[in-house]
Amino acid sequence: MATTIASTPATGPNPAPAVRKGRRRLRTFSRGDKVTLSLMVGIPALCELVLVWLPALLSVGLSFTNARLDISQPGGVHLVGTSNYQFIAQSYPPFVPAIEHNVIWLLFLTFIATPLGLLIAVLLDFNLRGSWIYQSVFFIPVMLSLALVGIIWQLMYSSDSGLINSVLGTAGKPGAIDWFGNSQINLWAALIATSWKHVGYIMILYLAGLKGVDPTLKEAAAIDGASAAQTFFRVVFPAMRPINIIVVVITVIEALRAFDIVYIINRGTNGLELVSALVVQNLVGEGTNIGVGAALATVLLIVSLVPITIYLGRTFRKETR
Amino acid sequence: MSNAVATKTRNADKVNTNGSRIISSRTRVFSYVFLSITAVLWIIPLVWTLYTSLRPEADTNKYGYLSTGGAFNFANFSQAWTQGLFAHYFVNSAIITIPAVIITLFLASMVAFAVSRYTWKFNITLLILFTAGNLLPAQILAAPLFQMYKHFPLPLSISDSGSLLNTYYGVIIANVAFQVGFCTFVLSNYMKALPAELGEAARVDGASVFRQYWQIIMPLTRPALAALATLEFIWIYNDFFWALLFIQSGDRLPITTGINNLNGVFAQNYNLIAAGAIMTAVPTLVIYLVLQKQFVAGLTLGSSKG
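Those protein sequence lines, which keep their order, are chains A and B.
According to numbering that gives the first Met the number 0, the stretch in the first sequence is residues 0 to 320, in order.
According to numbering that gives the first Met the number 0, the stretch in the second sequence is residues 0 to 305, in order.
In short, the hints are calculated from the structure, not lab data.
Any given hint could be a false lead.
Every beta carbon over 12 Å from chain A, so not counted as near; a handful from chain B, in silico [claimed, not checked]:
no.: 1; residue: Gly69
no.: 2; residue: Phe71
no.: 3; residue: Phe73
no.: 4; residue: Ala86
no.: 5; residue: Ile97
no.: 6; residue: Leu126
no.: 7; residue: Ile157
no.: 8; residue: Gly161
no.: 9; residue: Thr166
no.: 10; residue: Asp204
Dumping the calculated PhoX-like pairs for lysine-lysine here, alpha-carbon to alpha-carbon at most 25 Å [claimed, not checked]:
no.: 11; chain 1: B; residue 1: Lys120; chain 2: A; residue 2: Lys33
no.: 12; chain 1: A; residue 1: Lys172; chain 2: B; residue 2: Lys61
no.: 13; chain 1: A; residue 1: Lys210; chain 2: B; residue 2: Lys292
Even glycine gets a Cβ: it sits at the ideal position worked out from N, Cα and C.
The task is simple: from the sequences and hints, build the whole structure.
Dropping the structure here:
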C-alpha cells in the first residue's frame with residue numbers, strides 16, 4: 000500500500016512541455032468536431048452553472064426579500080432591503096453562538112485534530128514494524144459518513160448506557176453526564192467525534208505527502224547531525240508545501256461545512272448551533288423563512304469564498320501566466 | 000543547498016538506505032507507545048458498537064452495558080433489518096449512488112478531456128468554476144435549489160409529486176452537480192500528463208474528437224477513473240444532506256439519511272441502534288477491505304497539485 004501512495008501523486012514526471020507542444024487551436028477542427036467539443040464542455044458546464052452557481056447567486060438575491068414559505072407566496076415576493084440581515088444580527092438569538100461555534104470548530108480542527116493527523120502520519124512514516132495495522136485503525140473512520148459517526152458516538156456518550164458513563168459508573172444514575180445533551184459540553188463532545196474521522200483523513204494526505212519527499216533530503220539532514228524533530232521541522236515539513244496548502248483548505252472548508260453530525264445529534268440546537276444548521280432550520284418545518292435562511296447562507300458563502308479564492312489563486316496562478 | 004546535500008549523500012549513501020534507520024531508539028519507543036495508545040482509543044467506538052450490537056437488550060438491561068454476561072447472537076441484526084426498513088434504504092442508496100457516480104465521471108471526463116487536451120480561451124475560468132463549486136458548503140444552495148426543484152414541473156407518471164421534489168432524480172442530480180467539479184479537477188490533471196503525440200497520431204489517422212476521447216484518452220485514464228469511482232461511491236453513499244433536503248417520504252431515503260430516524264424507530268434501544276450502525280457501515284467497510292488502494296489513490300490524486 001505504501002508504494003501506491005507514493006506513486007499516485009506523481010501523475011506524470013514532467014507534463015508541462017508536452018502539453019504546450021500538443022495543444023492545438025480550435026480552428027483546426029472540422030465543424031463536427033467543434034460541435035462535439037462544445038457539447039462535451041457545454042452540457043457539464045450548464046449543469047454546474049444552473050445547479051451550483053445560479054443557486055448560490057439566488058441565495059444572495061433571496062436574502063434581500065421577504066420570501067417565507069415559498070417564492071410563489073400570496074402577496075408576492077418583495078425586496079425588503081437588509082432587514083433579514085438586521086434580524087439575524089439583532090433579534091435572532093442562535094446566530095452569535097453559531098458563529099462562535101463555527102470559529103471554535105475551526106480552531107479545534109486546526110490546532111488539535113489536524114496536527115494529530117500529521118503527527119500520526121510522521122510516526123507511521125518511520126516504517127515501524129506493524130505500521131499497517133495502526134494505519135488501518137486510523138483509516139476506518141474516514142470511510143464512514145459523519146451521520147454514522149454521530150450515531151456511533153451516541154453509543155459512547157449516552158447518559159444511561161454509553162461506554163463513558165458505564166466506565167465512570169454513572170450510567171443511568173443522576174450523576175451521569177449527558178455528553179451530547181448538556182449544552183455546556185456537547186460542542187466538545189461533537190468535536191471529538193468529528194475529529195475521530197478528520198484525523199484519519201489528514202493522516203492519509205500527509206502519508207502521501209511524506210512518501211513524496213525526496214528521501215535524500217532526510218538522509219542529508221541526518222548526516223549533518225540533525226535530530227528527528229529538526230529534520231522534520233526544518234527540512235521535511237517545508238518540502239511538503241503543496242500538501243500543507245491542501246490540508247489547510249480542507250480543514251477550513253470542513254469547519255464551514257460541518258453539519259451532518261450536529262444535525263443528527265439534535266438538529267443543531269441547544270449548544271450545537273452552527274451557521275449551516277441554522278440555514279436548514281429556516282428552510283424546513285414550522286418556522287420556515289426563506290429570506291432569513293438565505294441571509295444566513297449568504298454569510299456562509301462570503302466566509303467560504305475567502306479560503307476558496309486563496310486556494311484557487313495559488314493553484315491556477317502558474318497556469319494563467 | 001541541494002548541491003551540498005547531494006554530495007554529502009553520495010559519501011554516505013550506504014548508511015541510510017532505509018528510512019527507519021534515521022530515527023533513534025528513543026524516538027522508536029515513543030512512536031510505538033504513542034501509536035498504540037492512540038490506536039486503541041481509536042478502535043474503541045467501533046468495538047463497543049459491535050459488542051453492543053451482538054447482545055440482546057434484556058441481557059444488557061440485566062447486567063449493564065459494560066459487562067460480559069448473557070447471550071451473544073445476531074438477533075438485533077434481523078430485528079433491525081426488518082423494523083428499520085433497511086432493505087428499502089439499501090436499495091434506495093444503490094438507486095441513487097450508482098447512477099450518480101457514473102454520470103459524474105462521464106461528465107467530468109468530457110470536460111477534463113476538452114480543457115486538458117486543447118487550448119481554449121476559457122480553460123482556466125472553466126476549471127475554476129468547477130473546482131470552486133465543489134468546495135462550497137451545500138447548505139448555501141439549499142433554499143434556491145429547493146424552490147427550483149419545487150417549481151420544475153414533471154409529469155405525474157414520472158414523479159408523484161409533480162416536481163423534482165421527493166424523487167431519486169432530484170438527489171442524483173444534486174449529487175452529480177456537486178461532485179463533478181472535484182472529478183474534473185483530478186481528471187484534467189491526469190489527462191494533461193498523457194503524451195500529446197497520442198492525439199496527433201489519431202488526428203492524422205482521421206479520428207474524430209469523440210473517438211480520440213472515447214477510444215484513446217479514456218482507456219488510458221482508467222487508473223484515475225477507478226480511483227475516483229471508489230472515492231465518489233463512498234462520498235455519495237455517505238451523503239446525508241441532499242436526501243434530507245429533497246426527500247419527504249421516509250421509504251425513499253438512502254441509508255445514510257435514513258439512520259437519522261433510527262433513534263425514533265428503535266425507541267432508544269441501543270442494541271438495535273448499534274446493529275443498524277454496523278449494517279450501515281458494512282458496504283463502506285467492504286470497499287475499505289477490497290478497494291483501499293483505490294480510495295487512497297483517489298484522495299491523493301486530488302491533492303497532488305497545489
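Next pair to validate is lysine 210 (chain A) with lysine 292 (chain B); report whether the Cα-Cα distance is within 25 Å. With a Cα-Cα distance of about 15 Å, the restraint between lysine 210 (chain A) and lysine 292 (chain B) holds, given a limit of 25 Å.
Beyond 12 Å from every Cβ of chain A: is that where the Cβ of glycine 161 (chain B) lies? 14 Å, holds
Looking at isoleucine 157 (chain B) again, its CB stays over 12 Å from all of chain A? Fine: 19 Å to the nearest Cβ keeps isoleucine 157 (chain B) off the interface.
Report holds if the minimum CB distance from phenylalanine 71 (chain B) to chain A is greater than 12 Å, and violated otherwise. 17 Å, holds
For glycine 69 (chain B), which was marked as not at the interface, is the minimum beta-carbon distance to chain A over 12 Å? 14 Å, holds
Leucine 126 (chain B): least C-beta distance to chain A exceeds 12 Å? With a cut-off of 12 Å, leucine 126 (chain B) comes too close to chain A, as the shortest Cβ separation is near 7 Å.
Verdict on phenylalanine 73 (chain B) as a residue remote from chain A, using beta-carbon distances over 12 Å: About 18 Å separates phenylalanine 73 (chain B) from the closest Cβ of chain A, which puts it past 12 Å; holds.
Looking at aspartate 204 (chain B) again, its CB stays over 12 Å from all of chain A? 14 Å, holds
Over 12 Å from every CB of chain A: does isoleucine 97 (chain B) meet that, or does the non-interface label fail? 17 Å, holds
Take a quick look at alanine 86 (chain B) and tell me if its Cβ sits farther than 12 Å from every Cβ on chain A, holds or violated. Nearest chain A Cβ is 18 Å from alanine 86 (chain B), so the label holds.
Outside-interface status for threonine 166 (chain B) - nearest CB in chain A farther than 12 Å: Fine: 15 Å to the nearest Cβ keeps threonine 166 (chain B) off the interface.
Please work out if lysine 120 (chain B) and lysine 33 (chain A) have their alpha carbons no farther apart than 25 Å. 14 Å, holds
In the structure shown, a violation is registered for the earlier hint numbered 6 alone.
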